[in-house]
Each structure stands twice: as C-alpha cells, then as structure tokens.
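Participant: Below, each chain spelled out in residue letters.
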Amino acid sequence: MSISELSRRRFLQLGPGASAGLLIGCGSRELDTIASFATTREEQRFRNARLHIDTDGSINFIVPSTEMGQGVQTALTMLVAEEMDADWNRIQTTFAPYDPAFDNPSYFIQVTGGSNSVSSHWVKLRKLGAAARAMLVEAAAERWGVKPGECSVAGSIVSHPSGKSLGFGALAEAAAQLAPPDDPALKTPDQFRLIGRPVPRLDTPAKISGGAIYGIDVKLPGMLYATVAQSPVFGGKVASWDEAAAMAMPGVRKIVALEDGMAVVADSHWRALKALEALSIRFDDGPNADRNSEEFTRMLEASMQEMDKEPFPEAAQRLDVEYQAPFLAHQPLEPMNCTAQVTPTSCRLWVPTQNLHGAAVAAAEVTGLPRQEIEVNVTHLGGGFGRRLESDFVKQAVTVAKEVDQPVRLLWTREEDMQHDFYRPVTRARFQIALGADGTPEEWHTRIASPSSFQKVIADNFPEFSWLPVQALLGDVNMLAGLGTSFVQSNPFPYAVGKLRTEDEIMDIPVPNGSHRSVQHSFSGFCKEAAIDECAHAAGQDPLAYRRRLLAEEPRYLGVIDLVAEKADWGRPPPGRFQGLAVHRSFGTYVAEVAEISFAEDGSLRIHRIVCAVDCGVVVNPAIAESQVHGAVIWGLENTLRCEITIQGGRVEQSNFHDYEVLHLHEAPDVEVHFVPSAEPPTGLGEPGAPPVAAAVTNAIFAATGRRIRTLPLTRHGLSI
Amino acid sequence: MLTLNVNGQTMEVDVEPDTPLLWVLRETIGLAGTRFGCGQGLCGACTVHLDGVATRTCILPVSDVGTAEITTIEGLSADNSHPVQQAWTELDVPQCGYCQSGQIMAAAALLAENPLPSDSDIDAAMTNICRCGTYSRIRKGIHRAARLTERTQ
Ligand code: FES
Ligand code: FES
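The listed protein sequences correspond, in order, to chains A and B. FYI, our numbering numbers position 241 of the first sequence as 241, with every residue one higher than the one before it. FYI, our numbering numbers position 112 of the second sequence as 112, with every residue one higher than the one before it.
No wet-lab data here; the hints were simulated from the structure. Some clues are possibly wrong.
Result set (EDC-like, lysine to aspartate or glutamate): computed pairs, CA atoms no more than 16 Å apart in a straight line [claimed, not checked]:
1. A:Lys567 <-> A:Asp670
2. B:Lys140 <-> A:Glu672
3. B:Lys140 <-> B:Asp119
4. B:Lys140 <-> A:Glu680
5. A:Lys254 <-> A:Asp405
Whenever a hint applies, use it, and build me the whole structure from the sequences.
Facilitator: Put into structure tokens, the structure is as follows:
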C-alpha cells in the first residue's frame, strides 16, 4: 500500500478496471439487504461498494472494520471469500473510508470496538459473498444454457460437469447486469474451505517490510508537522506563553491555542518539538490541583459504607470483602496522531482511529461543515485497545489545520499520551455474601463504585442527543457487566446463587476515563472470580468443583472449565507449584484460565504458564484467534502485576515506559490457548482473554500462601516477578 | 550538511545536528518503516543497525552517527527474504505490527552476533516493547530464523 492509495483519488479510481466488472454492496442502513450498484454513478458505486470483481479476475474487498492488530482485515475477508469460493490469492483489501455503508451493523455508526467485528458481520458479509457467487454462477449458467444448480465453484472458477469452466473475471461484466438474490443461501459449516483454517494474515508482508502505512507514516505534499502540550493537571488552562521565542526557532510556522494546551506547527517534527519547549507555556492548574489517588480511594471506600453494617446475622457463614483496581493507561505503541487538511469547504483526514464516526463528528464540530462532508481515511492502527475510540487528537489536528494552508500531521509525544489518556477507571466493589450450611451462596450483594464515561461517549458520538441526561436517568448500564442481571447486560452474573442484589454509584473523579481493552470486565472478571474463590475456600471445597456446581445449568461455562482443567492438569500441579482458576464471559465469549505459579527462594513470584480454554463459537481463524487471546492474557497480566496510573496534584505521575512498566519479552510466561469446538455463531475475541487473568493469578497466590489479594496491582503487596 | 550512509547509499542531509537520527530517516530521507514509540530509548520501535549493531535512533543525534553504515528495515532485504522476515512470515508474528520493524532489526542483529541463541540469550537481547503481546511468537521466530540460517549455510 502506498500513500496515494489512502487518498480520495484512490478511493474513486480503482484502476483501469474500475468502470467494468461486478460491484456490489450493502444498502446503507438496511442490514442484510443486498443491492447492486452497477448502474449508479461512479462515485456512488465505489463509495457504497463492499466488493469489486474486476474483469481480470482480481477482487477488491472493502474492509468495514479498522485493523489494529486484531486481524479483522484477514478474518472479515475470509467470510466473504468463503461464500464466494474465491481464489484467496486474487483478493486485495482496502480499508473503508467514512461512509454509512460501512457502519458497524450492531452500533449503527462506523466504529470498531467491543470485540464484535466478526460477530456483527458474520451473516452480513457471508451473504455478500454468497450473493456475488450466485450472480457469477447465474451468468455462467446463462452463457452455457445450463441450470445454475448444476454448476460448482472453486478458486474463483465456475465449472459445469460438461467440462465448461469460466473464471470470475470473464463473468464479472455479465454478472453485473443481473439482479442480486434477496437472500442467498449460506454454506453449512461442513462446507467451509477457509473458515476454521489458520489462513496466513493478509497484513503480515507489509508489516515485516516496514511498508505498512500507519497514521504516523502519512506524508502529503507540503505537509507540516505539529505537536502539542496540554495542561498536565486535568481541567487546567494555558496561562501564558512566549510566542516570540517559539516563532524565532527554525522552521516554525504557527502557534495555535487548543482547549487546554498549545500546538506548534513547523516544517519538521523535531523542530516543532524544540519550538514547543521554547514556547515556555505556563499553565493555570485550575480547580483540581490538589486532587490525588489516596483521596479517590477514600471516596470509593466511603461509597462502600452505604451497604449494610451487619449483613446476614443468621447466615451459617458470611463474607464481607472489598476489591479495588486502579486507573490504567492504554498506551498503544503508535502515539496519538492525525493528519488533516482543511479548506473553507472541505476537511480531509488520514487517521488511525477505531471510530471514523467520532472523528467525523469532531471534525464537523470544529469546521462547521456537515458531518457527511468530512472525508475520513483510515490507516493501519499501531494498536487501539479502546484508546482510539476517542477523537480528542482528531479535534486538535483539525483545529490546527484550519489555521494553515497546508495539510498538517499532528503527533503527540509518549509523555502527552501517558498523561492524557482516557484511563480504565479506578473501581471498587464490595461483596456481602451469605453462605448456607452446604457452602452455597444464599445471598450475594454487590456494590460497585467508579467514575463513568457514559455521558461523554454520548456527547462525543451523538452530539444531537447530548442534552439528554442519559447517565443521570439510567446510570451507567455497563458498570455491572458480569456482576448483574439487568436485561441490557449481555454477559450476566452466571452463578446460581440464592438471591442476587446489586447497586452502583457513579463517582465524580476528575480524571478522563474510557474503554480499556475488555472495559468493565477487566475489573468484574477479577473481583467476581476472586470472591467466588473465597466462597469455595470458606465452604472448604475445591474451587473448580465449587464453580461447576454453581454453573450446572450453564453448559458453555462447564465446557471451558472442563477443558482448562484437563489441559492444565487441575489439582495436580508440579511439585512446588500452585494453581488458580478463573472463568469469565465477556463479549459473548467464555474463557477459563488456570495460572500456574511458584515463589522463588528470594520471594519473587514466578508465573510459569497460563492455560486458557475459550468458547467463542466458530473459530474463524485459529491462528489469529490464538494470538488475540494470548495478547489479551499478556495485557491482563501486566495490569495484574504492576501497571498503575496514579494521580498527585491533579495530574498523572507516570510519563513514559520507565515508570509505566508494561510487560517485556523476558517476563512473558507460556500462554496456552485451547478452543472448545463449536458450531455456534462466533463471538468476541480481542478482549475476552484479559478479564480472567488477575483472579487466576491471585487465586493461585492464595493457594500458595493463604494470602488473599484484593487490590491490584501486586506490587502494592510487595509482590513482583 | 551531513553525509550519511543509509542502506548502502550515501546521502546528504541538511538538518540541525541535534536532530535524532529517527526523524532524519523518517522525514528527511523518507524511510518511514523505522517507527517512533517513546522518544526516550525505552521501547525499541526506532531500532536500526549501525555497523550491524542494533541501535535506538530516537535518542541518537544525527551528528553522532559519523560514517557508520546505517541499515533500516527497508535495507534488511528487498523482498522479505531475510531469515528473520521468513520466520516472521511463517509464524505470522505481527498483530498491529507497529513494533515489528524494531523487533526484526533487534532480532537480526542478535542472530548476526549469535547464530544459535538460547532462550536466555533472547531474553537478554530482546528488550523491545510490544503492546500487542507478540512476545512468544517473537521468541519462536528467532529460533526458527536461526534454523533457517543454519540450513542455508
Ligand atoms: S522510540 Fe526509540 S526507543 Fe522508543
Ligand atoms: S505487534 Fe503491536 S506493538 Fe507489537
């Protein structure tokens, strides 16, 4: 892929074959309705087309989700190619630009998140492929004067038992004249040729040659370079700056004021950085200058006091325990950036984002242009993890680009990224649990408290509804994910306990928060699975057998528990080693994990292996699926061990990877991933590996030492690897 | 004007001498495969070879490079044929891929110096950060590349 491929020109001119061949797509808002755009005007044809079969047989598929490493470019293409029976080697892909045709079928806006790319496109994209196949077959049958049902397709070639055969390229133009079928039949799983196989990723060659284009690599003629400094204290403002000193630096073109900071525009990134230093910005710290993490914890502790003082006086046994996990940063390796070109009548963006819709909303707000007029081109993302659902950096880039005549690439330093993330919120929960004589929980009361980003998400993405006090009316419907049973929660509390009661409080804490890989599940997977382990031990029962009994009506939970028990050899760890179990469902996917640990002579923790059993329905690509679960486990592990964002003086204390210590290669344990064979529709994979890790590890620590860890990270307890 | 030797070519660059080599490669010369992750020598995304040695370029002033031969990911091979790239292809190592230029350059330098590295050699040499958690495939990839190299010799 070259830069020119990212431009509008490329999107409109697919090359010499653009005006010929079969071009089909899905109607903007009508899910699962397939319409041919073969007769509409060129631009419309391309913009709405998901699939283009050229007369030379090459196939271009427009990938509707953004690729941030999770492998959707390959997985979604597999869905289409499977039903087309296409020659995998003739397929090219392009990332979809901003257009309602590419809205996420579950969210109705163009956003990639919530681990749902494959599940939400599972039927839609296979129908697209099946429709293309049916039209190509019909074209061949017409030409040969045979029945379509007599033809077969493999490797982009339609064949008839008489010996006739034609390639997709030769049939494309005739197929384009046909009406697409309304509801093409889909294959049954036993007919799959691609789905279920470890098909090599389409993006690997470009990612190992250095040639893949990330946002930071976009280079346009005449492009300028911008960088920013924002108020380190949340809610602070710029008080003063030395514009003359900065403008006197070489290559500097412009100084631009932002909402809570300043941007410098220069003819190179390094010159912009140096001029930013010379700008000597002084900030007015504002009302949050004395806020800190200890105070936030006290607020959360106070919220927990709202529960019963003396719960369940009659119970045979009771537990009354509190759990807490800290703020966490995302820190994808590619720092936040966006390239923008703005004129009075146009706004073009090149941006690594999960949220093209949000980017367009932000750009529309700054420019005053209608949202539909904003052109958003997406690049490869150097990681997303939820950070790139936000459009703060897009807004800055557009603000800066408005002030200059050239396109501008705005790029943050790592320090800005660390201190201006949208953090996984600090969260505390209290469980009051009454156990009956047989050890079964008869009552299970949960209270949870944390800040919420619910209202902000609505304001950022649906500004037309921002006047609605949704959060005040509904609370944060996701806060109890995995812990409650409300109808809006697709992943309810699973254990058969007598009476479940939940309550929550949204805390007013002045630190930005947002979706962080697995979102609320990163906490609920920890506290729920540690608490159930506490119950099992209080009941004097094996934690696995105890869970099995309370999940007797949940066959898919049992499936992953039994598989992980087998693979990890549950109950029979090697001498000196200890095991901990956790099971959690998130994004529709069931994951059980066993951590196997020991303590070295010097008291340091050794994590030998994490064994995972996963039920995500049909596994579209086992090699990619393995990498997603594996990566999520590493992610969950660093957050268990030592990652933590702390606040002092209203600002984040950490600034780069020396004090936000993510996991390194030499610390990564063996991770084994096993899948439960399934014919159920696929569910999420990018996130569900993360939630069980913390409890698997802390439950193993309890097994080893009798010490129950209820607050993360482990470094707070003097434990490290 | 400074003279640099990049991927076998001599080039003149007109930049402030304190400019880190990373930005000279990316913006002045136009070799964008070497990436920026932290700017403090902590993540390795900006790793290239200087006379064959893996070097982090975000903290290396271009004026300190002198006559060293610079090899970037673009100069490692023209067609992903370096054993490390072959192994990376076989194992589909990258996820987001952003760290991988640096990982590959670090791995190639390790193998050049130590053709059959042990796990602990790999632990010691591979200090680059991968936020996607591809570490186990990187480790397997290095062992695989070592075998591929052995076979071709
Ligand atoms: S960018 Fe150079 S080490 Fe991180
Ligand atoms: S593959 Fe994403 S940072 Fe390494």
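Participant: If a hint holds in the structure, say so; if it does not, say that too.
Facilitator: Against the structure, the hints:
no.	hint	result
1	A:Lys567 <-> A:Asp670	13 Å, holds
2	B:Lys140 <-> A:Glu672	14 Å, holds
3	B:Lys140 <-> B:Asp119	10 Å, holds
4	B:Lys140 <-> A:Glu680	32 Å, violated
5	A:Lys254 <-> A:Asp405	11 Å, holds
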